[in-house]
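Trainee: Sequence:
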Amino acid sequence: MIGVSERIAKMNPALPAWLAGAGLACAILAATDPHGDGPAIVSADEGDLARPCDVVIDFGGAPALTRATATAPARLAYGHDDILFGNALAAECVRPSGRPAAGDPSSAAALTLAGRIAASDASVLLLGETGTGKEGVARFIHDQSRRAQGPFTAVNCAALPETMLEAILFGHRKGSFTGANCDGEGLFKAASGGTLLLDEVAEIPLPLQAKMLRALQEREVLAVGALRPEPVDLRVIACANRNLADEVEAGRFRADLYWRLNVMPLNLMPLRARPLDVPAIAAALLLRHCPAELALPFPTEAALDRLTSHTWPGNCRELENVIQRALLLRSGDRIDAGDIVIDTAAIEVPANVRTLSDASRTAEATIIRAALEEVGGHRLRAAERLGISERTLRYRLAEMRAVAA
971 MIGVSERIAK
981 MNPALPAWLA
991 GAGLACAILA
1001 ATDPHGDGPA
1011 IVSADEGDLA
1021 RPCDVVIDFG
1031 GAPALTRATA
1041 TAPARLAYGH
1051 DDILFGNALA
1061 AECVRPSGRP
1071 AAGDPSSAAA
1081 LTLAGRIAAS
1091 DASVLLLGET
1101 GTGKEGVARF
1111 IHDQSRRAQG
1121 PFTAVNCAAL
1131 PETMLEAILF
1141 GHRKGSFTGA
1151 NCDGEGLFKA
1161 ASGGTLLLDE
1171 VAEIPLPLQA
1181 KMLRALQERE
1191 VLAVGALRPE
1201 PVDLRVIACA
1211 NRNLADEVEA
1221 GRFRADLYWR
1231 LNVMPLNLMP
1241 LRARPLDVPA
1251 IAAALLLRHC
1261 PAELALPFPT
1271 EAALDRLTSH
1281 TWPGNCRELE
1291 NVIQRALLLR
1301 SGDRIDAGDI
1311 VIDTAAIEVP
1321 ANVRTLSDAS
1331 RTAEATIIRA
1341 ALEEVGGHRL
1351 RAAERLGISE
1361 RTLRYRLAEM
1371 RAVAA
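Just add 970 to wherever you are in the sequence shown, counting from 1, and you've got the numbering used here.
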């Protein structure tokens, strides 16, 4: 529970509302006792009693942040002109470690559901576009679960060579293939006692999906070259940026594996559908990328307007690129609208597009072509710019060729 002193709540009544909308439970504390059990946000007049976990706000002062130390609280100053970013920054200073940054009520609701899911051991399927923060939510589920003291092991299935995928996931025995000079336990065994995140699970080849299904059903794995399976105790969280139901219908993904993974589905909305997350995530990114010894530059109102009005096709990854770029480009004490440089590709919708699915494919193809043009056709660099693996890019290019044929 985050305490907000009566005094600061009267000065800035939007602050408790922002905290509540971000899913951070708060309580108004009497002026005689401006501290609760958790961190508190107090006014500058109450700062003498503030603890290192608290935040002292000089509401009406020139925008500035002094970060917390082991012996002193964070001190934050801002006024009405910067109230949106200031409140987001105050929330960031008291956000529990491991909880993803959020400012939009829809994201807060998703995190609340994720916390409830964490209490069980059920498999979780996280769906959403590339860059929507699926790994962050997976880590949050792990941290909130009974397995929090165990390992969190993340693997991008699209980044692993197909010929080695089985051995990497399930392990191998010495001599089972050329180069296997010793036993390898595999990622399922490495994650035992904790959580295994299978990112881009749709990229697992069909023949290997049957073995994946057995591992999930029986809680045991058979290493390459082994004669007997070994038990594993872990929770599996799978991520996909493509609709797995469509992949099943197209014959690219096993229906039984889909239903085994889809015990608890959680769909993460794109950033454009949760606009209040933009200032919250921007605050978190500025704290992450601005060196602690330097003054943190507040975005001006015009810069924040530019950030919140963009549609973010690259989601949180694109926002992080823009924030890092702004930190490098700014010439003043603050980040202004001119420092917000956003790469956008004009997307023209052909007359033959009739459905949202058609529009999505057309937009995706346009963005892929633009990325390839910007890097001179270099697929690896284009994939990095798009926030996907080179293997996924090859798959998407093959789909585009099939559609054009």
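It is possible that part of the hints are untrue.
Said to hold, decoys possible - Pair by pair, the computed Cβ-Cβ distance ranges are:
hint	residue 1	residue 2	range
1	T1039	A1150	30 to 38 Å
2	R1198	T1036	19 to 27 Å
3	C1152	P1121	14 to 22 Å
4	R1364	N1151	27 to 35 Å
5	P1199	R1086	31 to 39 Å
Said to hold, decoys possible - Under the rule of at most 25 Å between Cα atoms (straight-line distance), these lysine to aspartate or glutamate pairs were calculated in the DMTMM-like manner:
hint	residue 1	residue 2
6	K1181	E1217
7	K1159	E1190
8	K1181	D1226
9	K1181	D1203
10	K1159	E1105
11	K1144	E1155
12	K1144	D1203
13	K980	E1190
Rather than coming from a laboratory, the hints here were simulated on the basis of the structure. All C-beta atoms in this analysis are idealised placements derived from N, C-alpha and C, irrespective of residue type, glycine included.
Trainee: Take the hints in turn and mark each one as holding or not.
Mentor: Okay, the hints, checked on the actual structure:
no.: 1; hint: T1039 x A1150: 30 to 38 Å; verdict: 51 Å, violated
no.: 2; hint: R1198 x T1036: 19 to 27 Å; verdict: 60 Å, violated
no.: 3; hint: C1152 x P1121: 14 to 22 Å; verdict: 21 Å, holds
no.: 4; hint: R1364 x N1151: 27 to 35 Å; verdict: 31 Å, holds
no.: 5; hint: P1199 x R1086: 31 to 39 Å; verdict: 32 Å, holds
no.: 6; hint: K1181 x E1217; verdict: 18 Å, holds
no.: 7; hint: K1159 x E1190; verdict: 9 Å, holds
no.: 8; hint: K1181 x D1226; verdict: 12 Å, holds
no.: 9; hint: K1181 x D1203; verdict: 16 Å, holds
no.: 10; hint: K1159 x E1105; verdict: 20 Å, holds
no.: 11; hint: K1144 x E1155; verdict: 11 Å, holds
no.: 12; hint: K1144 x D1203; verdict: 24 Å, holds
no.: 13; hint: K980 x E1190; verdict: 58 Å, violated
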